[in-house]
Amino acid sequence: MDPRDLRSQSSSYTGLLHSQQGFVDVERRPEGVKAAKASRFSGKGKSIAEIATVYEMKKDDLVRKERLSRLAILDTLLAKAQPLSEAEETVKNKLLAELF
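As numbered in my numbering, residues 6 to 105 make up the sequence shown, in order.
None of the hints are false.
Only pairs whose alpha carbons sit at most 20 Å apart, straight line, appear in this in silico PhoX-like list of lysine-lysine:
hint: 1; residue 1: Lys97; residue 2: Lys70
hint: 2; residue 1: Lys99; residue 2: Lys70
hint: 3; residue 1: Lys85; residue 2: Lys97
hint: 4; residue 1: Lys85; residue 2: Lys99
hint: 5; residue 1: Lys51; residue 2: Lys64
hint: 6; residue 1: Lys63; residue 2: Lys51
Ranges of calculated distance between the beta carbons of each label pair, as one might list FRET restraints:
hint: 7; residue 1: Ala77; residue 2: Ser52; range: 33 to 39 Å
hint: 8; residue 1: Phe105; residue 2: Lys64; range: 21 to 27 Å
hint: 9; residue 1: Ile56; residue 2: Ala77; range: 28 to 34 Å
hint: 10; residue 1: Glu91; residue 2: Ala57; range: 43 to 49 Å
hint: 11; residue 1: Met62; residue 2: Glu91; range: 38 to 44 Å
Bear in mind the hints are in silico, worked out from the structure with no lab data behind them. None of these values were measured; they are calculated from a predicted model. Idealized CB from N, CA, C, for every residue including glycine.
Could you put the whole structure together from the sequences, leaning on the hints where they help?
See below:
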């Protein structure tokens with residue numbers, strides 16, 4: 006035992022006391038717990054190809070949502086009955102140029 010390592014001393018000391026006094030260690034893990042914990046991080050999850058596919062799908066979805074948002078703004082500007090302000094007219098022309 007290393008005199009500087011207090012954890013190893015205390016655990017071995019308590020183990021010695023328990024064995025001498027007839028205590029049973031209640032906190033024992035069932036067999037296979039360490040193996041189950043180790044298998045959690047072994048990389049059995051999604052492969053990089055699957056993650057890349059999901060990323061591409063989300064990226065395409067975001068592009069479509071942005072386009073729909075711009076179309077909704079343009080639709081609102083075109084449906085307005087009152088004359089458009091200068092800023093609204095600029096936005097309308099810009100959206101028309103981008104989308105069509």
